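With these hints in hand, go ahead and build the complete structure from the sequences.
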Amino acid sequence: QKEVEQDPGPLSVPEGAIVSLNCTYSNSAFQYFMWYRQYSRKGPELLMYTYSSGNKEDGRFTAQVDKSSKYISLFIRDSQPSDSATYLCAMKVTGGGNKLTFGTGTQLKVEL
Amino acid sequence: GAGVSQSPSNKVTEKGKDVELRCDPISGHTALYWYRQSLGQGLEFLIYFQGNSAPDKSGLPSDRFSAERTGGSVSTLTIQRTQQEDSAVYLCASSLEGGGNIQYFGAGTRLSVL
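Chains A and B supply the protein sequences, listed in that same order.
Read in order, the letters of the first sequence are residues 137 to 248 in my numbering.
Read in order, the letters of the second sequence are residues 51 to 164 in my numbering.
Any given hint might turn out to be false.
To be verified - If you anchor each label on the Cβ, the simulated ranges turn out as follows:
hint, chain 1, residue 1, chain 2, residue 2, range
1, A, 150, B, 116, 47 to 53 Å
2, B, 53, A, 194, 18 to 24 Å
3, A, 196, B, 68, 44 to 50 Å
4, A, 176, B, 63, 21 to 27 Å
5, A, 196, B, 121, 37 to 43 Å
6, A, 189, B, 60, 37 to 43 Å
Unchecked claim - Okay, the calculated bits of chain B under chain A, using three or more residues with CB under 8 Å as the criterion:
hint, region
7, 86 to 100
8, 154 to 161
Everything labelled a hint here was simulated from the structure, so no lab data went into it.
Computed from a prediction, not measured in an experiment: that's the story for all the values here.
We put the CB at the ideal spot given by N, CA and C, even for glycine.
Below you can see the structure in the form of structure tokens.
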């Protein structure tokens with residue numbers, strides 16, 4: 137079983153919809169949680185990062201972390217065709233090295 | 051440069067040949083990371099450099115893989131005697147400090163081993 141599980145999709149939604157992307161994890165030592173967006177043939181770019189549990193909002197994006205359930209989410213409001221990409225969750229422990237552990241990514245398509 | 055630069059962007063090689071992949075991190079970033087992205091597998095950590103400290107090589111899949119970072123800046127990932135299962139996108143990232151929470155990625159090198 138992988139440390140981080142993420143549904144690969146593809147997920148197809150109409151423009152304007154609210155999108156919910158999720159990851160579950162098994163390592164309770166993870167303290168830092170990130171969401172990256174990756175367009176085709178590009179490198180991942182950081183969208184959101186949070187430390188420990190709680191919510192964080194940035195424009196149309198909201199990240200949620202529930203450490204008790206080992207579950208993280210990314211919500212995209214008023215989705216746009218330009219949001220079509222692969223979304224990767226990533227996690228890191230504190231003081232245990234600096235590698236990020238990634239989910240496999242969810243492919244999202246926002247249709248007109 | 052403005053971002054992490056990787057070269058070549060694409061590399062096709064024959065099984066058994068050696069390849070070198072280059073990464074030029076963001077100026078001033080002290081930490082540098084290599085990851086591998088295979089189809090359906092997500093990003094897999096390979097190696098991490100921080101300043102003059104010994105690199106964390108815990109993610110290298112075999113002794114055919116090695117990396118070095120000269121002068122605390124440019125890094126080269128070398129794969130010897132390439133195998134078809136080495137075909138993947140190799141991504142480099144850098145960060146401002148050793149905490150590594152915010153890693154900035156290059157566009158990657160797409161390696162195809164025939």
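Can you list which hints this structure breaks, lowest number first? When the structure is compared with the hints, none of them turns out to be violated.
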